[in-house]
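Now for the letters of each chain:
Number of protein chains: 2
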Amino acid sequence: MQAVDLLLINAIVVTMDAAGTVWQNGAVAIRERNIVAVGPTSEIATVYHANETVDCGGCAIIPGLINGHCHVPMSLLRGLVADVQLDVWLHGYMFPVESRFVDEEFVYTGTQLSCAEMLRGGTTCFVDMYFFEDEVARAADEAGIRAICGQTVMRFPTPDAASYDEGLDRARGFIHSWQEHERITPTIAPHAPYTCTDEIYQAAVQLAREYDVPLVTHLAETGLELKESLENVHLSPVGYAERVGAFDIPAIAAHCVHTDERDWAILRSHGVGAVPCPSSNLKLASGVAPYAGLVKAGVSVGLGTDGPASNDDQDMWNEIHLAALLPKGLSNDPTLMPAKQALALATSSGAKAIHMEQLIGSLEPGKRADIAVVALHHLHTTPQYHYNPDGIYSQLVYAAHNADVRHTLVDGRFLLRDGVLLTMDAVQVRRNAQAIADNINGFLSAREVNLLDKIVAIGGVKQDEIFEVQAKAKLVDEALVMAMLNRAEVRIDKQSERTQYDTYFSFVNPDRGRVRYREDHRHDPGARLDPKYTLTLTVPAAERDQYPHAILLSRARYTAPADRSLRFYREYFAPEQITEVEKQRRRWRITYRSEEFAVNLDRLINQADPGPFLEIKARTWSERDAAYKAKLIGELLEQCGVFDDQLIRYEYVDLARA
Amino acid sequence: MQAVDLLLINAIVVTMDAAGTVWQNGAVAIRERNIVAVGPTSEIATVYHANETVDCGGCAIIPGLINGHCHVPMSLLRGLVADVQLDVWLHGYMFPVESRFVDEEFVYTGTQLSCAEMLRGGTTCFVDMYFFEDEVARAADEAGIRAICGQTVMRFPTPDAASYDEGLDRARGFIHSWQEHERITPTIAPHAPYTCTDEIYQAAVQLAREYDVPLVTHLAETGLELKESLENVHLSPVGYAERVGAFDIPAIAAHCVHTDERDWAILRSHGVGAVPCPSSNLKLASGVAPYAGLVKAGVSVGLGTDGPASNDDQDMWNEIHLAALLPKGLSNDPTLMPAKQALALATSSGAKAIHMEQLIGSLEPGKRADIAVVALHHLHTTPQYHYNPDGIYSQLVYAAHNADVRHTLVDGRFLLRDGVLLTMDAVQVRRNAQAIADNINGFLSAREVNLLDKIVAIGGVKQDEIFEVQAKAKLVDEALVMAMLNRAEVRIDKQSERTQYDTYFSFVNPDRGRVRYREDHRHDPGARLDPKYTLTLTVPAAERDQYPHAILLSRARYTAPADRSLRFYREYFAPEQITEVEKQRRRWRITYRSEEFAVNLDRLINQADPGPFLEIKARTWSERDAAYKAKLIGELLEQCGVFDDQLIRYEYVDLARA
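Read top to bottom, the protein sequences are chains A and B. For the first sequence, position 567 (counting from the first letter as 1) is numbered 576 according to our numbering, and the numbering increases by one without interruption. For the second sequence, position 180 (counting from the first letter as 1) is numbered 189 according to our numbering, and the numbering increases by one without interruption.
No lab work stands behind these hints, which were simulated from the structure alone. Just so you know, these numbers come straight off a predicted model, no measurement behind them. Incorrect hints may appear among the rest.
Since the list gives no way to pick out one identical chain from another, each pair is judged satisfied if it fits inside one copy or across any two copies.
Simulated pairs of lysine to aspartate or glutamate, EDC-like, Cα-Cα distance not exceeding 20 Å [said to hold, decoys possible]:
hint	residue 1	residue 2
1	K349	D399
2	K349	E580
3	K640	E151
4	K236	D342
5	K640	E498
6	K541	D663
Please work from the sequences and hints to get the whole structure.
Have a look at this one:
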């Protein structure tokens, strides 16, 4: 009898070795952190004597699952926002929240939550890419899980580096300090071709080569990335990565959704691991990776969950399930990606994809004892068919769930036992995570209600606060307006003609204010040709009718250049009502009694009452000044022959809605 | 205070009512089988006094999920076979197994297993289509779940009806005997246009109208179905169903994968419910239903799991998740099918699709108390964001799992409480299910090893058992063969020339025998034009060399017309080796000394040694007769100038493999 530390016996042992060995009543013998033997229980139990023997009857023993691509700290952002376009997701939520909240504590806490979740579901190894990656490494190390931790570098400022030079320095320091660790492989992760430069990739390759660690990067996630890459560098993202030298060392390329035969040949010839993320690729509408094509082309393919902010779970079972189903459903061929091959993506093939096939990915003597034990005695895994030895793959891939995992071991050590986490206090982990989320929630709650905060959040807002004094009259005599403008006391400073397309976003609670998206086309001779887009927030005038002549006072008016699409703002502000107002405007900027005013003569398009309407407006910082300007506006109105009963108190948008 | 039976309090109540009301700390009051009130806990707890109050803190209360299409007894066939083409799945496995094993006990037991699984995951209502549907109804009734049970009718013989007339009678009897049941709606389910006739649909409509029950049918599941429908009746399956009158009454159309705008207009105008089955449609490579298009067109859309033999679970959470992800991933638009809409497919919209929106689908006073209570305190549902009231949909759809369901109620009655089934003994249900599966497993185990059984299983085999006596010689002198054929003692009965393309399926264990798929083209004048396809199983000759002249004796030879494709057989037999042999054959059927022989002169194509080869064969039932014929073959060989050292002992296929 040979002595070992641990025997797992009486289970269906799915080795995922090259021969596809399955032991119907099998056992695994473990000494220290390694697998010593795998075989029939009857044989193993005779040869080995263990300190501890665990009966795994009714279970399957499989290699621990490998999450080939993730951003584990983002578990704290799970459920933050969903079902919006990528730009809204990124610029409206992820970037503003990450820039405010991502720090060492965030990263450590988020990693703990993710490790807990992954161990709960039988994942024993992950490949990460995020900021403050030393905190990812620390939390992963404490959890006992295996990880490749990639310190992100990109050309933009990040939460942990003001420039990419700083990012590269940080990566070097991180790799250097973790280089001796057995379970944690520190590395550098140039984010993606579209966020990096040639220099970043080259420096990253040099660093990774120096420390003999694999390079982690995103490649070909979206159709847009492919399109722009072809336009800009006349190469696919994969082709670009090859050219820049990223594949001269072992590399892990996340996503590879928009790749073709030529890309696959490049990936295969350099031994690059391709790691699509089925759920995330679907949820962010990136597409469906060519799983079967990649596998057929001989590329080492893994699977990842991607960040939990776009998934929203870190459930490799889900990813395996999708990787098995999608190729069938989209090809009209149900034999594509059989269950065994799908499971390999998260085990044996996944290990190759992350360049760790010597250590993990299958249950074979000499490999690390990274193991998941999956209970199969549930309703949803009943009945069991044994006539076909490969039936176990089908059961694991199509029927079993994350929650069926009973034990998870890394390096021969139980990290999850009978569903209980041994290296972490799940309650405390959840509590810490929720505490950070509560802060973010507070920030977003305020921002979501406060339209100004939402505008500020996406940047570019003109934060000057302006009172607007305004009078508006209906059906004016244009000749009288012209006469007023021609008076000696009135100096015309500027004159223009425009078509303005205004879209108003309104809310059931009017106190939230109203956002206007304006597309302004000038068509007076010599004017700018390009339309001007502005975003304006107005909060309702609290002091209507305090001024003579029904003059309106708007408080808190904010403008910003609208450099995104109307669609972006519509999804971002999620208004309860949308109103469109189109008008032809003749505008005069005038000076009257040393004060500046704007005079607008407007004709509405496609409205029951098209006008013309007269508007006279002035802006000021001072409330006292506002009263004075209101008086002057009254004088100008009189000169236009407009009397109080002609003044109207609503905005065009209200007219349009009536 | 008003008296009620049950209060569920302190949960996030997701009503799925038309206004999309969500109570962050809400309660549901239940009296008898109905919901009496839904609102803030503070309010409900003040107004209602309950016999029992259940604190659902940390949970969401949602309407019980509706599985709009399934074949619940097929849970017993879960995992039976996967990753094969539909025809192999159907003709190789489902039909042979169903025809042998589906009876009342099978249906009752399978339904119990499915009800247990569905209740475990918060499904409170299902729409079924199977055989012996009265047993589905009985098991569902006992489980306490709500169901629409459709007795299948099709033009082929089924396990419960030798003809469709018998099927219609059975359906009528079934509906009649269950018509008064409150929770179980018995109905008729004409299987699909391609398995029914106009008469079946018309009779089904008449029956359903008579008893005021909805019609259940499959429509437009595969591209092939659509193509054949257009060819055969010049209408899409949906158009056909309309024409035949199936939509003159409330109808539930499963799948609707291959439908377009015109179909959607038909479905909407008749109020037909469309019920795609995301997992099954992917797994069987049927495709992806146009979820967003159907919804946008105003069709009432539900979701189903389909049969567990093609899914393999009955997990509506999975289906909701897929219904939310697929439209995004395949459209490049991540705003399609937002979480709230996806959840509606299994609740409010799903209820409309099955014509039960008056009773179920939302948590509103007056509706039945069909409820799922989902725990949200798991790692994978941490953290929670409340700033956006709709965030709960995202959490439920993208993060929560089947296993998170804590309580399930139907008609106000707990059927699952704290994860424990109250109306069924889960252990006993699993045991009964496994017992039936063990029988099927035994049948398949025997069949999979025994190639003959596999051939018999797919039908058409010529079961005559034949001894074949055969001698084969290499490099013969053709002139001597001709001289033999011209001898007076030899009568030529038939003569032909052919090209034969043979594909041999071999196995590591030679005792299993060898299967040959032959495509035989005649090209002598006047012969049949169409090639002939045959499937032949030969078991190795045990008694080689017992006869003089190295004559071979094959035992157990079986032939069947090969009416399926080579691809079908390749997947069905899953050989370990495939060998192709192509040859030109001149064949004479002769009579010599009153015995019949076949003489073949063969030239192999694309082989190192193309021949020609001479074969002389005879068949017999008798071993004694075989010896006699071997002697006669020896005489014929001599006349051809063939001596023993020219005789060869291998088959062409062995030559090809050498």
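We went through each hint and held it up to the structure:
1. Taking identical chains as interchangeable, the C-alpha atoms of K349 and D399 lie at most 20 Å apart only when both belong to the same chain, with a minimum of 7 Å there against 39 Å between chains.
2. When the C-alpha separation of K349 and E580 is checked against a cutoff of 20 Å, the pair qualifies only between copies, where the shortest distance is 15 Å, while the shortest distance within a copy is 42 Å.
3. With identical chains, the CA atoms of K640 and E151 are never at most 20 Å apart, being 72 Å at best within one copy and 82 Å at best between copies.
4. Proximity of K236 and D342 under a CA criterion of 20 Å is satisfied inter-copy only: 17 Å between copies versus 29 Å inside one chain copy.
5. Taking the closest pair of Cα atoms, K640 and E498 come within 20 Å of each other only inside a single copy of the chain (15 Å); across copies the shortest separation is 134 Å, beyond that limit.
6. Taking the closest pair of Cα atoms, K541 and D663 never come within 20 Å of each other, the shortest separation being 23 Å inside a single copy and 80 Å across copies.
This entry does not satisfy hints 3 and 6, going by the numbered hints stated previously.
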